Amino acid sequence: MKDLIARNLDFIAWENFRSPAVYLYWLAAFCFAAVFLYACLLAAGFLRKRFRFRDAAEETAVSFAIGSACISFFISFLSFARILKAEVILLAFAALVALNFKKALEPLGVIGRALTREPLLAALFALSSLPVLLPPYRWDEMAVHIPYAMDWLRAGEITIRPELHYPLFSFNFHMLYVTGMMFGSTTYCHVLTWLTGVMAALIILAWLRRCGVAAPLAYAAACSFYLSPLIQRYLTIGQIDVPLMFYYAAAVYLLYLWGTGDGGAAPAVSAAVVCAMAMGVKNTGFLFLPLFVGWALAARPRRLGLFLGVLVPLGLLWNIRNLIISGDPIWPFINLNVRHNDIFWTMGDYREQMREIRGGLPSTLADLVKLPWLMVNSWFDKPLRDVPLQGFVYLAAVSPFLLGHFHRHRSRLALAALIYGAAVWIGVSCQIRYAWFAAIAAVCAGLAADFFSRKLATAPVTVLLVLIMLGPNLNIPRYFKNAFSRPVPVDRATHEKFYENVGMPFLPLVERLSLVDEPSVPVYGFGYAHVRYYFEVRGRKILGAGDGWYREDDFAEAVRNRTLHHYMDSIGVRTAFISLDRMADYGLSFADLEKAVFSDRRLAFDSAWERSVIVRRNEVK
49 MKDLIARNLD FIAWENFRSP AVYLYWLAAF CFAAVFLYAC LLAAGFLRKR FRFRDAAEET
109 AVSFAIGSAC ISFFISFLSF ARILKAEVIL LAFAALVALN FKKALEPLGV IGRALTREPL
169 LAALFALSSL PVLLPPYRWD EMAVHIPYAM DWLRAGEITI RPELHYPLFS FNFHMLYVTG
229 MMFGSTTYCH VLTWLTGVMA ALIILAWLRR CGVAAPLAYA AACSFYLSPL IQRYLTIGQI
289 DVPLMFYYAA AVYLLYLWGT GDGGAAPAVS AAVVCAMAMG VKNTGFLFLP LFVGWALAAR
349 PRRLGLFLGV LVPLGLLWNI RNLIISGDPI WPFINLNVRH NDIFWTMGDY REQMREIRGG
409 LPSTLADLVK LPWLMVNSWF DKPLRDVPLQ GFVYLAAVSP FLLGHFHRHR SRLALAALIY
469 GAAVWIGVSC QIRYAWFAAI AAVCAGLAAD FFSRKLATAP VTVLLVLIML GPNLNIPRYF
529 KNAFSRPVPV DRATHEKFYE NVGMPFLPLV ERLSLVDEPS VPVYGFGYAH VRYYFEVRGR
589 KILGAGDGWY REDDFAEAVR NRTLHHYMDS IGVRTAFISL DRMADYGLSF ADLEKAVFSD
649 RRLAFDSAWE RSVIVRRNEV K
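Everything in the sequence shown is counted per my numbering, starting at 49 for the first residue and increasing by one.
Take these hints with a grain of salt, some might be off.
[To be verified] Derived pair list, reagent style DSS-like, types lysine-lysine, alpha-carbon separation capped at 25 Å:
{"no.": "1", "residue 1": "Lys430", "residue 2": "Lys418"}
{"no.": "2", "residue 1": "Lys529", "residue 2": "Lys430"}
{"no.": "3", "residue 1": "Lys503", "residue 2": "Lys529"}
{"no.": "4", "residue 1": "Lys133", "residue 2": "Lys529"}
{"no.": "5", "residue 1": "Lys97", "residue 2": "Lys151"}
{"no.": "6", "residue 1": "Lys150", "residue 2": "Lys97"}
{"no.": "7", "residue 1": "Lys50", "residue 2": "Lys418"}
[Unchecked claim] If you anchor each label on the Cβ, the simulated ranges turn out as follows:
{"no.": "8", "residue 1": "Leu156", "residue 2": "Arg350", "range": "32 to 42 Å"}
{"no.": "9", "residue 1": "Thr207", "residue 2": "Arg610", "range": "33 to 43 Å"}
{"no.": "10", "residue 1": "Glu400", "residue 2": "Pro520", "range": "35 to 45 Å"}
{"no.": "11", "residue 1": "Thr207", "residue 2": "Ala263", "range": "43 to 53 Å"}
{"no.": "12", "residue 1": "Ser647", "residue 2": "Val417", "range": "56 to 66 Å"}
{"no.": "13", "residue 1": "Ser618", "residue 2": "Thr207", "range": "38 to 48 Å"}
{"no.": "14", "residue 1": "Ser618", "residue 2": "Leu416", "range": "41 to 51 Å"}
{"no.": "15", "residue 1": "Gly452", "residue 2": "Glu135", "range": "53 to 63 Å"}
{"no.": "16", "residue 1": "Val511", "residue 2": "Leu156", "range": "36 to 46 Å"}
{"no.": "17", "residue 1": "Arg560", "residue 2": "Val360", "range": "23 to 33 Å"}
{"no.": "18", "residue 1": "Lys97", "residue 2": "Gly160", "range": "10 to 20 Å"}
Bear in mind the hints are in silico, worked out from the structure with no lab data behind them. Values in this document were obtained by computation on a predicted structure and should not be read as measured data. All residues carry an ideal CB built from backbone N, CA and C; glycine is no exception.
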């Protein structure tokens, strides 16, 4: 036991808590979070005034959903109008404050009351936010999500990057990343993701409180979601998995509030805006449309026209854009399955992507029955291919059998959203990190726990239900300590140590590129598409990808055929940044690369660093 405690203590990077610089960076992150939250409450404006909130925490979470959706669509408008500039966004914020001058301090009061209403949760949320200070180190945030926002801000408009994974994506949450990158720090992008996780927990808590669920069960449901290893893993990075879970839950909750309220126009518009936001966080979001429209028709048919008038154009914004560009509103599905032709992908790219996405799909009834167990015991080498959720999944799995209890609490919508969301997830991409219904599952778990607690009505049963949701294992303490395992880089030395720690020791060689070639000329990165951010933050556009344009397959074939110079010419690059480890994945060695370079006087080796080399064009007179 003594050794176990010592290992866990050694695992924590205690230097973070001894560094004044870390505390200053952390304070700056909280300041950005406060300003963004304040802007969301202002942007929600009169819409949030039409709701009868139970407490400030609920008002904060709902207002964040409405306001952030409004901000996202506003930035989308700026990008389509080609006036996406930091100055324009800041001017719009100043105008928003001026228009609400008489009540400009009111949002601060709401936020303050929310903090005093939930001090323990606020402390938990703050403590778990430390990793937002880390530089990007996860594949997708470095390769795709943050580079998009950087590129748009530089260009002043939406740009299409054929070399990026999914060049025609849905970008609602990426638009919010633009506000983070305005200040030149990925920390603020991480803060936005963290905020969605916090607000998802508050939505769960608010829904269960409205249903009269006992406080221990309501808090257990919210915390079991927030502290799940899967949520903690994606909570503080620049990816859209946790945001999608939040906006799906928030959209369903807004529909619930609209359906159980007075049915006014403002709640209808609020619900439509947040539903549209959820639909545009990811390409598969359009699949939410039948659920949203179906429930609106059942709950408030007299306001259906207003609801659809807002939902359809905003919710299908990216589908319409993709239709105009590629002729395919759900790119690339129609182009490759019906027309057999696409401007970005080949059928081979599509099949490889489908193989990756659909790798964990259940194929038998037994697989479906095992899904709850798999979700609580998931790992990278198991069918769902990521870290697990907590035991609330077990209670959510039995909730469809408790329809009467949900009906009495006017929460059939939560059950419908759980079943519909799970069905779409199983049918499209059964990877656990894409389980966008996870927050709704926690709501259903809380209601199921409430049913059993009322039926059996004993304290031990309540304790057992809490332990099931927060357990049934020790994954929460095992994974929560990961938030404190990495030192936050505060200077050049600690940055280099961090990069080496996360497997990026080659970054010093990136600095060499500025001496090799002009910054305006792109570089081919063979094996480095996943760290695109670190090239582009240094002003170097990097080509190279597993699919779409500039495939690594084509580069490897050029090395094999000793036609590397012709390939580099054909894509307009003069320098290639090459990973020898990636070469080995194609059955190629450094000797093969030497043959390709030395067989052509127009190529030369420039530099090398560990397992990375730079090959450049050699100007021959």
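Hint-by-hint comparison with the structure:
1. Lys430 <-> Lys418: holds, 13 Å
2. Lys529 <-> Lys430: Judged against 25 Å, a Cα distance of about 23 Å means the pair holds.
3. Lys503 <-> Lys529: violated, 37 Å
4. Lys133 <-> Lys529: violated, 39 Å
5. Lys97 <-> Lys151: holds, 12 Å
6. Lys150 <-> Lys97: holds, 15 Å
7. Lys50 <-> Lys418: violated, 37 Å
8. Leu156 <-> Arg350: 32 to 42 Å: holds, 37 Å
9. Thr207 <-> Arg610: 33 to 43 Å: holds, 34 Å
10. Glu400 <-> Pro520: 35 to 45 Å: Holds: the Cβ-Cβ distance is about 37 Å, inside 35 to 45 Å.
11. Thr207 <-> Ala263: 43 to 53 Å: holds, 49 Å
12. Ser647 <-> Val417: 56 to 66 Å: holds, 59 Å
13. Ser618 <-> Thr207: 38 to 48 Å: violated, 22 Å
14. Ser618 <-> Leu416: 41 to 51 Å: Since Ser618 and Leu416 have Cβ atoms about 48 Å apart, the given range 41 to 51 Å holds.
15. Gly452 <-> Glu135: 53 to 63 Å: This hint holds: roughly 57 Å between Cβ atoms.
16. Val511 <-> Leu156: 36 to 46 Å: holds, 39 Å
17. Arg560 <-> Val360: 23 to 33 Å: violated, 51 Å
18. Lys97 <-> Gly160: 10 to 20 Å: holds, 18 Å
Going through the hint list in order, the structure does not satisfy hints 3, 4, 7, 13, 17.
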